[in-house]
Each structure stands twice: as structure tokens, then as C-alpha cells.
Amino acid sequence: MTVAPAPTTTELKLDQLFPGEATPDARKGYSGYIVKPDKLVEVATALRDQHGYDYCSSVTGVDYLEQGQCEAVYHLYNTKTGGPAVVIKAQAPRDNAVLPSLTPVWPGADFQEREAWDLYGIKFTGHPDLKRILMWEGFHGHPMRKDWKEAYYEQEGKPFDARWPGGQVHRSEEKNPFGHNVAYPEGFTLEGWSEQADKAVYDSLPTGGHGSTEEGMRTDLVTVNLGPQHPSTHGVFRIVATLDGETIVKLEPVMGYLHRNHEKIGERNTFIQNIPFTDRLDYITSMSNNHGYVLAVEKLMGLKPPERAEYLRVMMVELTRIVNHTWAIGFLLNDLGAFFTPVLYVAKERELILDVFEATAGSRMMCNYMRFGGVSRDITPEAFQQVKDMVYDRLPRLLDEIDTYLTNSEIVRTRSIGVGVLSAADAAAYSVGGPVLRASGVAYDVRKAEPYSIYDRFDFNTAVRYQGDNYDRYLVRLDECRESLKILRQVCEQMPAGEIQAGKPQYQARVPAGEAYGRVENPKGELGYYVISTGKANAYRYHVRAPSFINLTPFGKMSVGHKIADVVAILGSIDIVLGEVDR
Amino acid sequence: MFGSGIVRGLGVVFKHFVESWADDIRWLGRRYYNPEALKIRQSTKATGTFTVMYPEEKLPTPEEFRYIPFLVYEEKGQEKDYRCTSCGICAKVCPPQCIWIERTNDPKTNRPIPQPRNFYIDVDICMNCGLCAEFCPFDAIKMDHNYELASYDRTTAHIFDKEKLGKPVSYYQSIRPANYAREEQARAEEEAKKAAKAAAAKPAAKPAAPAAEKKD
Amino acid sequence: MSSIAKELANPDVPVSAELQNNVFITTIDKIYNWSRRNSMWPMMFGLACCAIEMICTAASRFDFSRFGMEVMRPSARQADMMIVSGTVTKKMVPQIVRLYNQMPEPKYVVAMGACASGGGPFKEGYNVVSGIDKFIPVDVYIPGCPPTPQALLNGLITLQKKIDGQSITQVPWYRAGKSEPIPVPILGPDLIDPRHAPLLRQRAAEAAAAQMNAAQPAEAAPAGPTA
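Chains as they are written, first to last, in the working numbering: chain A, 539 to 1121; chain B, 61 to 276; chain C, 120 to 346.
Hints in this document: simulated from the structure, not taken from any laboratory. Hints may be right or wrong, so weigh each one.
[Said to hold, decoys possible] Sample of chain A residues facing chain C (criterion: CB under 10 angstroms; computed from the structure):
1) D576
2) D685
3) N714
4) F716
5) G717
6) F726
7) W731
8) Q734
9) T745
10) H748
11) H768
12) D817
13) F878
14) E896
15) M903
16) Y1004
[What the hints assert, rightly or not] Below 27 angstroms or equal to it, Euclidean Cα-Cα: the simulated BS3-like pairs (lysine-lysine) are:
17) A:K1042 with B:K254
18) A:K926 with B:K254
19) B:K75 with A:K926
20) A:K1042 with B:K105
21) B:K105 with A:K1024
22) B:K224 with C:K297
23) C:K280 with B:K118
24) B:K99 with A:K926
Note that CB positions come from ideal geometry on N, CA and C, so glycine has one too.
Kindly generate the complete structure, drawing on both the sequences and the hints.
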């Protein structure tokens, strides 16, 4: 293990580096630089090659309806030095939204650009395979655009007027002639329709071709579907793979089966209403989802939570990390064939941690614990005692037990060493985050690279491993749990008394206009929230940089050449949660 | 030696196996269906079999546990006096907008009176987040502990109206004693302050000193 | 177990003294339902957040193998019960209907949580189906977001009660004739339920007629949320 380099704070002046091509974003509350679309690739390449911004963390589409502009926002980081982001933006008119693709510079932009195309209709020229990713091919319109209205559309922002004072209860489906959440475009007829959803998927795979074995025997290529209902896809994820024998020739992840419009709903919600929705992103780690979101909004509001609240936040987040990593290890073993026994062993400790969440936040999974400027409830002395018992006694024992149980097991080692290798350069280029990134030898941890909350006070290391295979991803998770325990011990010792909330919480937070990007080191990777406020009750743009989603970008590459049974293990070692992949 | 890792791993499995019997023997038949044993079995001291024998024994719900909201009413004889004043804050803060409140208007003056004519929650939309209870200024809506709500038909059973949502204060007190005590104390202080203000001209007769406030 | 044994040993029918405690007299229904309700195999099929609580119910603390449900079958062909655990999206619903059609009779559906029952907090979303019961028949609904494992167990017990109430002479799966599969929805410009085809055609015709008249702007063709 090594310690990540200290973050730098020198800020790049892009308008001086690229005069005439990049101009500072002058809108009120905004930061970053607006780059001319035709110079975008040039600027990006220079930033990557000359200034070390090797990590394109997030690509966000924004629709400025009034200005008639679509915008793509890029958050770039330097994995060597850490530090704050360089934000570049490119604009194109809404009715002809065409921008150059940055996938040649950072392949990690691949899925994110497809998402922006799918939801915003921004066409990225030069993208190798620009098709819909969350909705199906053939869906009508680009649903995140501000003038696109869903079938159950009620009102631009919440709260809806129909609820009070004349609240006549009804179900939305009663108001739709079909009794369903559907609306068809004008002039649509059933006869003129042919299904395209699956065709688009199969078109990008070499179907019906031929291969050959090492002995020179001619083989047929076979295309196989795994999922969306499959026990080892961790939810409703679909893998379409072309096989030569049992070896993967090309693999295409297909997602969107749990796309529940988190962002569209998030833009209707008032700021505080969105907190419980973030719980349901990565439903294993709801506490740290809350954290990222409240950090982003606190940035806009200029709030600072009191000490005790900060400590409580860190405590909950680190407990969540242990929950997530042990759970991931359990399910990785599920995928390796050790069905359910490892999960049962880790589930016991998870349940005990969930008891703490339930006693403090009120719910086992959907904690809804953090508020702008604090947390919702103080921890009870009994629950705090339980945390101490866990931290000092049970959890270290559990980790040691997992270690004895699995680390040296010959089956685990043969199945996972050398499988699904992701090199350090690829890991950064593909924008993966969290344990997947650090298992490939890139010591990048947001808690160290750009410390948020009170992480700069704690003594802990960034867990790094260097082989980038399934086994290292497993080991990194175990290491990280130990580091989390280290933080938790310090939290338990230093926990101050005092207030848990700055000011009185308001049911309608007043958020000044501007943009903010809040990011935290989620157990799965860097979780970022891009929030634009116009000073109204609800966010104008709300985007989630979902680590599970982006970690899947190199999945196809990692799987090529492996057997189909290993693909399942590779997916398990990436550790995705579909609620976050599809949002 | 090849295979030693597997053997050590199986040792862990064996340990779990032995533990599950050892703890049963330690309790000698009193391990199950015994509230005292349940408490220890489900705490951080748990060893051996971890199962809660639902439905015969149930995991105790902590005070803060939240499920579907309910409306608190005071019992005045046969009358139910709902605390709700139909101010609409819960409906405004509700994230999935599952609360519908019909305000009552005085038929003569046509001005709102602080009693909801009806109050609906669509439990097929409710996300159990507890924001309504958190921001209600009158302590009128609270989160219930009852999770045994399975039904055969949602069209008739899953829109809860005022009648179905209403629960007496005594019930609230029984599921959330600490919260109840804290709120009652705050209310008493508030009233004492009001009384003190009203009696400001007279020499202040301080009401009973507030007991030590508990934070949680 | 003990209660059913008692019931079986002491039926409401008069039994001669020498046969008492030697012969079980029961209805076939009781035996049939008792054996069915205690071997409900759920399909290993998770959709969203609720699936995690379903896994917890299967894990050591709540352990639904106590109800004979531990055999989770990844194949629909071997499952008795489908726990729809999570948000049903339009993209996913064709697969769910197909899985349901693949399940052998007798089959049961449990809608776990607010989303599966009626769309849940995500109901307003453009890709969310407002309740799986719009497509397949649901036997038990469990409110909650997510239902805790104990709430799920309560729902499963409620399902067992439903099974207890069924009679072998009445159940549809022993009747003559095949049961009709549910038509699989189509992913069109929006989700298309084939059962709505007549309504769709009618609406399209109306829209076409309105365009012919075209004096005023065409009425919100086939369907709008406000229609």
C-alpha cells in the first residue's frame, strides 16, 4: 500500500493556455470554461497530454431551453496529483445538437456520451457506436429534454397544486385513456411499427461469422444472451456476447432495465425531496449517496454542518463502505460458484450494522439520514455502543475470517488470478473508479485526492494493488474495509458532543443560483452530483455521475478472450448495483 | 501445499457449524421463543444460529423505525380530535407526492378552518422517507411501526383515508415513548411561556422548572 | 406442523372408536394445500432495492426456508411463485410477462413493495410501469418501500393463507383446455400493450379523421396525458 500524493491546488487558466478557444464561463454562480466545439478535441488532448488530466470523470448533458442551447459538461481530473477538477463545456444549438466525441481522447466517455445522446439528443460525431443506452432503440424522443413531457406529467415542479388544499385523491392511470403510463407520438399506428430494440444490440456484434480453434478447426460464432433475468447479473443487467466456442469474441453490456428516471424526477423534486431518492440509487450504500448529494447542495448554499454531524456522517459512510465491500465479496464468491455460504457469513454482520442504521435513521436500507447542514437524528447511546462493539470486536474478526476463509483458497485463486485484467493506463482512461481503479495500481481516492467533509483529519491509507485482476479487486476491498475500520476507530474516539444541524432545517431549502459538483468516494467509486440551481425550489439540472455505470465501460474489453464463466466473475468483481447503473 | 487454503477455509465453515449447535446447547431449550434470549441472540454478542422465528417471535422495532405514516388524534370521549390542521406542509414536502389533503372551509365565511375534511395517502407511492413527520409543526403525522400490511387487493385497500390513517395519541406514546416525552415537554414549555407572557404584568410566577431535556 | 397434525387427527366427521388415532380422515384439499403451501419455490429474480431485502429474507436472520421456500429457482419453469421485487420498468416488462408465461401452473405472484404494487415513488417516471398488476395477475401486495424482511414474510404467510382457501375441485389448472398466455408487451415508441390494440387503432383513426378536418389543430393524437 502506498499513500496517494498530496493534492495540488494550482488552477489552470484555460483562457490563457488556449486563447480564443476557451473562455471562462461568466454565468452567475458558474465556473469552468466554455470551449468552442470544433476545438474541443484539441483542447482535451492538450489537457490530457500536457497537463496530466488523464481522467475524464463525468460527462453531463444539459438542456438550456430558453437559450436554445444544449451543453455538454466535462469534469476532468488528474489522477497523479489529485486536486480539483478542470471543467470544460461545449455548447451546440438544441435543434441541431452536434458535438465532437471525446471517446478517442478518453474511452471512458463512451457510455456517458451514449447516455447524453439517449436522454438529450446530443449527437457526438466520431463516437464508435452511438446508440441508446438506457431507453430502447425506437423510443420516441429524448426524455430528459426540458420540453419533453412524460405521460403522467402533472406540473413543472413539486409540490403539485393538486395535493393541497383541494386534494381529491386519484391515481395517475385513471387520467390516461390507456390506464397505463404511456403516450404515443402523433400519427403513430400499430401497423407501421417494427420493433428495433433488439436489432440495435445485435447489429454491433459480429453475428453469424466464423472463427477457428488453435488446432485450425473452423467454428461458428454464437451469440448468447445472459439476462436481464439471470441469477449472476446482480439484478436486471443483460450481457450479449458473441462466443467462439466458450471464448468471448465480443461482449456488449445492455442496460436500462431498471432505468427509473431518477434525474427527470430529481429535476421536479425540491432540493430536500431529492434526498430520499438518492437512497435508491445504489441501494446498498444509501448513506454515502446522501452524503454526496448534500455536499453538492451545501456547496451552493454555503452551509457547513457542525462537528458532531460531520463525525456522524463519516461514521455512517464508513460503516456503509464495510457493508458494501463485504457484501460484494460475498456475491463475488456466489459468482465463482460458492453459492450463498459466504453471503450468509457476511450478512450477519451486515444485519447488525443495519440495526444501527434502523435505530438512528429509521430504516434499514433507505436511510434518508443527511440533511443540508447536518443530519436528521442524533445517534442513541445504545446504537453508539453497538457501533463500538462492531468496530472494536466483530468487524475485525469478520475480516480476518473472510481472509482465512477465502484469500488463500486455491479455488478462489485459480478462478480469479489473471482473470479480467485491467491495466493502470486503461483503468484511468476508461474512467473507472473506486476499488476497480485502485486494484489496477492507480492510487486515486477522492478522500485523499480532494478531501471533503473531515477526511483530512483521519489517518488512513489508500489501498492499492497492482495486478488489476479479479483477485486484486477482491483484495483491495478487503484492504479498504480495514482502512475504514481505522477511520471508524478514530471517529469513535474523537466523536464530539454538540449540535447535529446548522440552523433550523427548512422544508424548502433556499438554494442560490449557480452550479455545483459534489463528489464523494462511494464504495463503488467516485459518486458525483452535478446540480444546477436557478434559485427556484427545484434543481434545473440534476445529474448523477454513477460509478457502477461508468465502471462498466471497460467490461467488454476486460472480458474478451475469457470464458463465459469468467465473465460472470469479472462482473462480480466490478461490483455493480443496477439501481445506480440505470438510475 | 496445494489444497491447504481450501482446508483452512473449510475450517471456518466447520467453526460456524459447531457454533450453531454450541449456542443451542448453552441455552438448553430456552434459546427460541424467549424474549430475553432473542435480545442477546440479535445483539453484537450473537453467536450461532441467527434466525428470528418470525412470526412467533419478532425482531423488536427501534423507536425511530418508520413505515407508513399515520395521523395522530386526541381521544375526547367518542370524538376523535385530529391534531392535523391541514396546513399542507406534509403534502408539500412529500417527495413522491403521495399525500392528498382536502381542506375544510367554513360554509358561512368560506374561510379555511383547521381541520382536514379528508386526508389520503396512497401507500403504493409512499416511500417511507419520514419527511412528513419530520417537518409537521403540530406533531400530527407520525411514522408507524406496523409493517404487517399485506393485502389481496390494492385497488380498495391501498389508498388510506383519514379514518384508516387515524391512530390515538396513546398508540403514538406506546411506539415512540422518548419522542412523545420530548414533544410533550416542549409543548408544556411553550404553553408556560405563553402563560408567562399573558401574566407579564403580574410578578412572574414561574411554572415548574423544566426537567433535564434529553437529546435523543 | 403440530397444528395441522392435530387438525388431521381430530376432524369434524364422526369416527368410530377403534379407528380413532389410527386413521387420518381429511379432505384431499387439506393435504393438497398443506403440501403446496409448504413448498413454494420462488423464482430467483430480483429487480431493484426490494431484491436486497428479499435476499436478506433468504439469508440467516429471517430465513424463509422455515416456510419451505429456500429453493430459489433461476428458471421460471421450476418456480411456483414470482416475487416481483422492485420497480418494473417499461423496458423490463416484456421479459417479466414472458417469464410469467413460462411458469407452470399453479403459479402465484407477490408484488413486493410500493413500486411493484403501483409504481411507487418512481411512478411519475417515463420508463416506469404503474404496477405489475396492469400486466399479470397479482395475488398478494406488500406495501412498504422497501418492505422489511419481516413484512415480506408476513406477505408470504398471507399468500399461504390464500392457498389454504383454494379447493382442488375449483382451481383453474385442472380444468379442461389450455390456459391462454398473456400477450407480451411490445417496445414501440412507448410501451404497447397488445391488449390495447383496438383502442390504439381507434385513436389513430380518430386522429387521422381530425387531421382530415384540419380546420383546427389536430386533437392530441392517439393519446396524451391530458386526453
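Here is how each hint holds up against the structure:
1. Nearest Cβ of chain C to the Cβ of D576 of chain A: about 34 angstroms, over the 10 angstroms cut. The hint is violated.
2. Interface restraint check: D685 of chain A against chain C, minimum CB-CB distance 13 angstroms, threshold 10 angstroms, status violated.
3. Annotation: interface hint on N714 of chain A holds; nearest CB of chain C at approximately 6 angstroms, less than 10 angstroms.
4. A least Cβ separation of about 6 angstroms between F716 of chain A and chain C falls short of the 10 angstroms threshold, and the interface hint therefore holds.
5. Interface restraint check: G717 of chain A against chain C, minimum CB-CB distance 7 angstroms, threshold 10 angstroms, status holds.
6. Interface restraint check: F726 of chain A against chain C, minimum CB-CB distance 6 angstroms, threshold 10 angstroms, status holds.
7. Using the Cβ-Cβ criterion of 10 angstroms, the hint placing W731 of chain A at the interface with chain C is satisfied: the shortest such distance is roughly 5 angstroms.
8. Interface hint at Q734 of chain A: satisfied, since its Cβ lies 8 angstroms from the closest Cβ of chain C, which is below the 10 angstroms cut-off.
9. At a threshold of 10 angstroms, the smallest CB-CB gap from T745 of chain A to chain C is about 20 angstroms, leaving the interface hint violated.
10. Checking H748 of chain A against chain C by beta carbon gives a least distance of about 31 angstroms; that is not within 10 angstroms, so the hint is violated.
11. Taking 10 angstroms as the C-beta cut-off, the interface hint given for H768 of chain A holds, the closest approach to chain C being about 7 angstroms.
12. Taking 10 angstroms as the C-beta cut-off, the interface hint given for D817 of chain A holds, the closest approach to chain C being about 8 angstroms.
13. Annotation: interface hint on F878 of chain A holds; nearest CB of chain C at approximately 8 angstroms, less than 10 angstroms.
14. Using the Cβ-Cβ criterion of 10 angstroms, the hint placing E896 of chain A at the interface with chain C is satisfied: the shortest such distance is roughly 9 angstroms.
15. Given the 10 angstroms rule on beta carbons, the hint for M903 of chain A holds: about 6 angstroms separates it from the nearest Cβ of chain C.
16. Evaluation of the Y1004 of chain A hint against chain C yields a violated restraint, the C-beta minimum of about 32 angstroms exceeding 10 angstroms.
17. Under the criterion of a C-alpha separation no larger than 27 angstroms, the hint pairing K1042 of chain A with K254 of chain B is consistent with the structure, at around 22 angstroms.
18. About 44 angstroms separates the Cα atoms of K926 of chain A and K254 of chain B, which puts this hinted pair outside 27 angstroms; it is violated.
19. Proximity of K75 of chain B to K926 of chain A is assessed by CA-CA distance (about 25 angstroms); at most 27 angstroms being required, the pair is judged to hold.
20. The suggested pairing of K1042 of chain A with K105 of chain B is violated, with an alpha-carbon distance near 38 angstroms, which exceeds 27 angstroms.
21. A C-alpha spacing of about 22 angstroms is found between K105 of chain B and K1024 of chain A, which places the hinted pair at or below 27 angstroms, so the restraint holds.
22. Annotation: proposed proximity of K224 of chain B to K297 of chain C is violated, straight-line Cα distance about 42 angstroms (limit 27 angstroms).
23. Restraint check for K280 of chain C and K118 of chain B: satisfied, since their Cα atoms lie roughly 20 angstroms apart, inside the 27 angstroms limit.
24. Using a Cα cut-off of 27 angstroms, the hinted pair K99 of chain B and K926 of chain A holds, with the two alpha carbons roughly 18 angstroms apart.
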